[in-house]
Structure formats: C-alpha cells, structure tokens
Amino acid sequence: MMKLAKPEGITALVLKRIGLGLVTLWVISLLIFVGVEALPGDLAEAVLGQSATPETVAAFREELKLDLPPHKRYFAWLGAFIQGDFGNSLANQRPVVDLIGWRFANSLFLAGVTALIAVPVAVLLGILAALYRNTLFDRLISMATLSTISFPEFFVAYILIALLSVQMVIFPSISNINDQMNFWQKLYAIILPCLTLAMVVTAHMMRQTRAAIINILSSPFIEMANLKGLHRLRIVVLHAFPNALSPVINVIALNLAYLVVGVVIVEVVFVYPGLGQLLVDSVSKRDIPVVQASGLIFAATYVLLNLSADVLSIISNPRLRNPR
Amino acid sequence: MSTAIKTLLSAPISARLGMGMVFITLLAALLAPVIAPYGETEIAADVWMPVSSDHWIGTDNLGRDLFSRLMYGARNTIAIAFLITALSFVIGVVLGFLAATVGGWTDQFLSRCVDILMAFPTLIFALMVLSVVGTSIPALVVVIALLDSTRVYRLSRAVAMDIEVMEFVEAARLRGEGLWWLMRHEILPNAMPPLVAEFGLRFCFVFLFIAALSFLGLGIQPPTADWGSMVRENSGAITFGIYTPLWPAGAIAFLTVGVNLIVDWFLHIASGLED
Amino acid sequence: MKTTEELEKLLLAGKLSRREFIARISALGLTVTLSPALLSATAYADTPKRGGRLRLGLNGGATSDTLDPGIQLAMMPQTLVYGTLANSLVEINAEGDPVPELAESWESAPDAKTWVFKLRKGVEFHNGKSMDADDVIYSMNWHIKEGTKSAAKALVESIVNIKKDDKHTLSFELASGNADFPFTLSDYHLVVGPKDTDFSEGIFTGGYKLESFEPGVRAFAVHNPNYFKSDRAWFDEVEILGINDVNARTNALKTGQIDVMNRCDLKTVHLFKRTPGIQVMRQDGYKHFTFAMRTDIAPYDNNDVRLALKYAVDREQMVKTILRGYGRVGNDHPISVANRYHAGDLPQRQYDPDKAKFHLKKAGLADTTFKFHAAEAAFKGAVDAGALYKEQAAQAGITIDVVREPNDGYWSNVWMKKPWCAVFWGGRPTEDMMFSTAYAKGAAWNDTFWDHSRFNELLVAARAELDEKKRAEMYKEMQGIVRDEGGVVVPMFSADLSAANDKVGHGKLAANWELDGFRAPERWWFKS
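Residue numbers (our numbering), protein chains in the order written: chain U, 1 to 324; chain S, 1 to 275; chain Z, 1 to 528.
What the hints contain is simulated information worked out from the structure, not anything from laboratory work.
Fair warning: there could be bad hints in the mix.
[To be verified] Derived CB-CB ranges, DEER-like:
(1) S:Arg175 / U:Arg234: 43 to 49 angstroms
(2) Z:Lys129 / U:Asp98: 26 to 32 angstroms
(3) Z:Gly51 / U:Met168: 26 to 32 angstroms
In this text the structure is predicted, and so the values were computed from the model without any measurement.
By construction, the Cβ of each residue, glycine as well, lies at the ideal position given by its N, Cα and C atoms.
Produce the complete structure using the sequences and hints provided.
Below, the structure is given as structure tokens:
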C-alpha cells in the first residue's frame, strides 16, 4: 500500500517507480533471452530454412559465435547494451540501431497521428455521452462504438480498404512509406491505417470516459451540486470530469501504449514498416539482438506510460494519498 | 437468489436486448449438431457461392456450408473464450484480493510480477510461448488465460482495496474473521458489479485476441470452425466485392454487443445512479 | 491450317517473312508471343519501350534478407539479386535451354569432366571495374570455400579446381563427368561479383544498380546505362516491395500501387482473371509437393507399404482441391514436364483403393495407423492435403492420422526427422540436379534416406553421358525406379501464378523459376 503523507512523497514515489522500472526492464531482457533460447531451433536453422545443411548451419553458428554457452552470450550482450552498443542483427550483420531506429520512428509517427485524432474525439464524445446519458444520442454513440470494438482489427482494415481503396480509389491500400516521400505524402499514405486504429482506440477511450464520469456522478458531492441548482454542463465539466481524470488517464495511457506496441496486425495488413512487424519477424528468425532491443523498447514505453498513469492516478485519488 | 431474480426482472430494455442476443447465440452453440444442415468440415459445393436454398448464407473459401460453420463456430468460439475468461478470472481475482487484503511483501511481489508480465506486448508474448508449446487448445487456453489474468488482477486488486478501506471490513477484521472469510463474504459480494462487467469485457476481448492470433497463424487451427479464423480465411473475398466474411464478423459483433449491453447494465448498477 | 510450330519452323528457315508469320498466327486466332530463340534479339511482336518504374510486390521478404549470393532464400532477394542486379555465366532461356550470359561460349572434353568457358569481354561492374576471370573464380569460391554459409554449397561441391587460362578463359575440373554443368552454372546463387568484396553493397554486372535496400521492405534500383545486353533491362527504375500478406498484395495490384505480383491467391485468381486491366500468368515449372517416407524406418522400409500408400492417394482430387486445378498430377517421381527428359510414357499411377488394400495386406500391416506430419510451413494447403489424403485412404481401409506440427522450426524438427511428412520442392532444371540433391545415397537432402544401388549407378553414368538418346533411356529408367520403389508419394506439381497489369509486356515465360526465372525486371517492359 502506498503510504504518502505529503506531496514531497510524490517525488519519492516517482523515483521508486523509475527504479522498479529499470529492474523490470532487466528482468524482461532476461526473460526474452530465455524465451528465445527455449524456442526450438536457432538462427542458423531458422534463416536457412529448407536450404540448411549441417555444414552451412555449423558455419553460420561459428561465425556468429552461437556455439558459445547461453550465459556467456547473454552477459556479452548485456555488457555491450549498457554501454549503448546494441550490437548487430545476427541475420544480416546490420547494426540493430539502424534496423530499429527508423522503424520505431515510423511506429511513433503512426501512433502520434492516430492519438492526435483519437484522444480529443474520444474525450469529447465521452463527456457528451455522460452529459446526455440514456438519450438517443448516447445510445447511438454507444451502439456505434460498441460495434467498432466488436470487429477484429484486420476485418475493419480490410473493409476500409475494400470501400475506400478498391471500390472508390481514394486512398492507397498499402502504406509502404520510405524516405523518398515528403511529410505530406507520408501522411496521405497512412490515412487508412490511422483510421482503422483510431476507430478502435476512440471507441475504447470514449466508453471508459463516459463510464468514469457516470461513476463520479453518483457521488454525494455531485448530488450536492445538483441540489444547489448548478447547471448540468457545469457539473459534468467542472466537477465530475476532473475527478474522473484518474481512470481516464489510465485508459489513455494504456491505449497510447497499445498504439505504439500492439499494432502488429495493422502493420501486416497495410504493410507498414513499423516495429511490431520487425519483432514478429525476428522472433521467428531467432535473431536475439533485434528481439532484445525491440522488446526492451516496447517494455520501456509501457513502463513509462504506466508510470505516468499511476502517478497521475494517485495524485487524483484522495483516499490513496492519505494514510489510513 | 431472490434478489438476483428481482434484479434480473428490473433490467432496462437495452439489457434485455443484450440478454436476448446472448441467449440466441448460446442456443445456436448448444444445438449446433442438431440444426446444422452440413458437417463442420464437409466440403459441399463450390467456393464462395451466393445465398441459395441449399446454402442459406452461401459457402466459404473451401466450399463448406457457411451456416453450419457459423453454428459450430458458435460452439467452439464461445466454449473456448468462456474457459479462458473463467480461468483468468479465478487466477486474477484470487491473487488480486489476496494482494489487497494481505498487503505488504505479498502485494509488492505479486504486483511487480504482474507489472513485468504486462510490460511485454501480449501478442508477441503469446507468439513466443505458442511457438514453443504448440497451438493445441489446452496450450492456447492456459497461455491466454495467464496473460489476461494480469488485467483481472489489477482490477480486482484496485476494487478490493477500495472496499477494504471501508468501515465494515475493518469491523469484520476486528471481529477476528479469517482471510478467506473476509475475501469471500465481505469483499466479493461488493465487488461483483465491476467484476461481472469486467468478465463481459474480457470475454469479448478473448474472441478478438484469438482472431488476431489466427491472423498470424497461431490461433485455433483449421479445419476447426472458429469465428475469428473464419473471418481471416474468407477475407480475400472482400477485394472482389464478395462480402462473405461479413457473416462471421457480424456474429462476433452480435455476441459482443449483446454481452456489452449486459455489462453496461451492471456498470450502471455499480455506479448506484438513479434515473 | 498450319500449326504454330510448323509456322515457327518456316520462319526460322527463312521461308516466311516476319510480317507474314504474324498475319498467319493472327489468322489462327492466337496472340503472337515469339520465343527469343526464334527471332533475332531486337524483334518483338509488341515493341518494348524503354522507361518507366516497375513496381513489384513480392511474397518472400524477411527482415533477415541479405545481398549475399549464397543466402538467397526467398523471392524478394532472388528477384533483387538475380533478376535485377546480377548475372551468372549461363542463363536458361524460355525454352529451358542454357544460353551464354557472362560466358560467351563453352565446351567440354568428351568425358564431361573438364569444361572450358570463354568469358564475354567488355563487361563492367556497377563500380566501373572490368570483369575478368579472377572475379569469376572469386565468386565461385565464395560458395566452395571452407566454412562457407552458402546454400549453394552442394551445387558446387563437384568442382575440384578452377584454373585461369587467361584473362577471359577458365577451365573447370569436376570430380566426375557432368553433361549438365552449364545448367549448374545458371543457378541464381552463382552470380559474378567483383573479387575481394563481400557483395554486401550489391555491386554486380546487372542491368540495374542498387540504390537502396531495406531487407524485407523495399529495394530500389536504377537503370545501368553500361549494361552489356542491349536488348534487356528496359525499365528506368525498379522498385521491389516485400508484401507477404496475399490480400495486401492483391489489393495493391488491383488499386494500381504495384505493377506485378507473385503467388496469386488460388482462391481468388479466377476473379482476378475477370478483372479488366489485369493479366494472370501461369507457369508450369518444377515445383512439386512430396509426402516423404523414411525408407530406413519401419514400416516404411517395406516397399509394399510404400506402394499401398501411393495407390491410396487420389491425385486428381488433390490437384482440384488443394491447387484449385492450377497444377498437374504427379507420378511419384520428381521430374516435371518442364524437364527435358521427362518420361511422359511412364504409365500414370491412378488412385486404386483395391491395389492399396492388397499391398498393405501383403505387407501384413493392414491395421496399422500411419502418422502423417504436416504444417502450413511445408506448403500452403499441406494440412488440408493431409486431411484429404486421410479420407481417400480410408476408402482403402487404410488409417492415416494427420499430425499438425507447428510452423516454426518445421524444417529443423519435422523434415528429415519424422518418419512421414509433407515436403515442398522447388524442383531443379535438370534431372541430374534433382536426383543428386534428394535421391542419391547419402545426399544432404535425401529425406527418404533412400539407397538404391541400380539408381545410384545410373545416376553417375547418366551424368556424364553426352549421347542424348542414351541419356533419355537412363533417366526414364530412373524415374521408373523412383516411381515404383522410391520413398516418396508425389501427388502433384503446382503451377506458379503471378499477375500484372496490362501495361506490362513480356515474351514467352521461362518455367525454371517464378516470374520468368526471377528475371522479370531484366526481361520485361512497359508496352508502347
């Protein structure tokens, strides 16, 4: 249980969480390593596939020092990693930083554009729905968002492609961006994946915002405000919403993390060169340095966003701020 | 029991609609072998045929009757999703309540473990584990249940902690009631509304997660009928204006909407608002 | 009315002018696609136009791809390196014959053990360096040397020595006579790059120069004005995109984001054919699927068991269901109609439940359950094929249990380990290569662990035999032996289906590898 008496305790909390975050990352790096080791086969066999022969597999292994015992390899990697050397991809010898850098930038680009659309829309709709709860407006929005989150992502993606790209040739069906494009061309290329993600994420956030606000609306102090004769809009926006911030921020943080990290399906369908696709590929090729680096980036994103959510959560819940 | 029935009867229209939708789906799942005109994996006709008297909603990508597959899919998908959700709930709720009530090192340890598990993207994690243990149904159930239980843990811990600070729990403690008694009789009943709501949400989420895994080749394997995989198998048709996958996707949406309507109602009860 | 072949012969003999030929062909109601072997290189029926950016969307790209010619494992790198950036000494044309590429000519000693190759002069690498014998020797050694990772190691194992006779002449000395040696040198791994480099920059001799490469995602190349072939490499730019999801590929072609795609979705290709502005191209090459039984493990060491299982498969139904008709039935040996010595007169084995039952009873194993291991990783539809096989065999009273294996690690853990599994073969351009790779005693990829003395004897003899007729006899006998005593059930050969928009023009398509021998960028053009 968090025992905080004063605001200064928040700083201590943050530091403690950062420390825990680092430990988490370290444990994750260990788990990833063990996990990939446990997978049958190794890089040599995975890359060569059907073309593998005992000699070529052995040659591969030797060149990449895969014949060293696991703990030696792990610590060699850890040592280098801490000093900022992320190593080279085992499969094609390119520096991991190169491989991951631009893909991570791509993932952030997609996540950022989507969030810019989704968060304001979701929060606004959530507030409005709570305001006009149980009216036709509320029910319609509810139905719409409910349906959106009920379809598998790849299905939403395929439908959008079918309607907006194949039947009406407005947007491109694959979002293969590269450096020969300028900013606006890239933006145009990612419209459909953005739309797909936004639909799913907005729905989640909107529903949670609405639920959180409605939850607060049952509190005594709201009843008090009502009795005082305050206008409903004022109550919701100025009194209820600030108190609902905690769960709302939590949900936003989770969804942001998802946007950066959990969008493999969208990346596959739209052939978007993001980090998720790389991670999936590297796992199947047993390319440990790449898996480690991307896995840790993901984990760090989560940890960071969760940390922010937790801190804000605690700040806004009076009961958790004060000791029993 | 009578309170339960009373509550059910007082449900608003939307919740009743939801219950109806869920009921229809459950009926289809239970009666599948009886009402399905063809076998689950029987290849009956040509690929992607339109609606006809032989095939009420046409055929799928291998020429199997889509209606029959939809019925069998209801069975498989619901059964597996329910199993997974139930398992994840047992794990998550027990551990969450434990952490909240006992506190101290137990809480720290469990919460850290969960944090670590949650810091890793679920899809990738599932991918890695399923690659090692294979994609048999038991493996799928255990892996997804474990991953999902982290979220259930978080929620139950949060809810239990909120309840735990209330006076009546403190009173029970002072009375000398044991840990299990506390969890079962004081915390659980008061935590029901948000937990039931979460159950519904998790249940729907599991559907979609399995569909995502099937998309990447790791979920329920063919030829078993499963709504998520059916969407995936038939999605090639959309490009050519044949909207076959709309049926299994619609089925998923149908069930999810139904469950969520019930969930909304429970959330409404939990919030204690009157209208 | 004369047939196409007769008309072609007349044209070749100079008895018909090209204009008359085209007119006669059109009168037959056929479109004119003339093989380069018939006409002088610059004459095409629809004139190739220079220019344009060819965009290919290919299945077979991975983030682990490399430009290393020894490790070219899927279509994206294969089309990039072999089809865009590089050349080998020998090229296989649309007729399936070896023609000179970087080599100008070659000849062999009567024992087919020594081969002398004369190199083309005046060929330059992308960096301006001239190509000579040293570069070729270095490039060959890349695959031969100690500790090489190259997947082509087995191909070049028989080369004992490469001697430089002069700057543009090489002698190859082989361990044993091989009449098909030029075919070996046409392999897409054996491209020539500048000596003392590691090939990671993509500098070769090809029609296009590499500008950027992001493995598994995108490769971009621009026309090489110095290309030594004046009648190839028509595009200004070539862009290769890695699109593994078949729906995404289909959509991309349909919406005009790419010009060419490989591996069409069998389920929707008939719809594709009906789409205006799209052409679907079918090539019947060497690809086939086998169900490989380990002949060194019981019960598959008993030939009656093997025959029983061979009779228990309905090949026509397999082709119809699994390949949707885009393929041909197999006759339990790996030689395709596209191979030169294909024994078309060997009786085609048919589905015969009675014979199957008979053979199994003879072996005394009528009640055994046979476990068949498969995964989608083996080939698309492998598990469905297993399920189908199970039903077909049940008619003969034979019980097959289909074991679904994980995709990951299929080639390490299932293939060549489990007693009976599904296997994919790209096939080989020559009978010798195919048989040596997978059917010779002790071969690294002999997945049936087969050892047949007469077969092994014939294999070595046929390899060095320069008399066409004698060779054909030997290969026919070998196909018969594999058919009747080998450890493989070969139910079907699959056709390659690729698609392009109508603006893309091409000649007769080579059948050795997909997309015109991987060489679409080098051979094709945009129509005028």
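Cross-check of the supplied hints:
Here the CB-CB span from S:Arg175 to U:Arg234 is close to 45 angstroms, well matched to the stated 43 to 49 angstroms. Between Z:Lys129 and U:Asp98 the Cβ separation comes to about 27 angstroms, which falls inside the hinted range of 26 to 32 angstroms. Between Z:Gly51 and U:Met168 the beta carbons are some 30 angstroms apart, a value that agrees with the proposed interval 26 to 32 angstroms.
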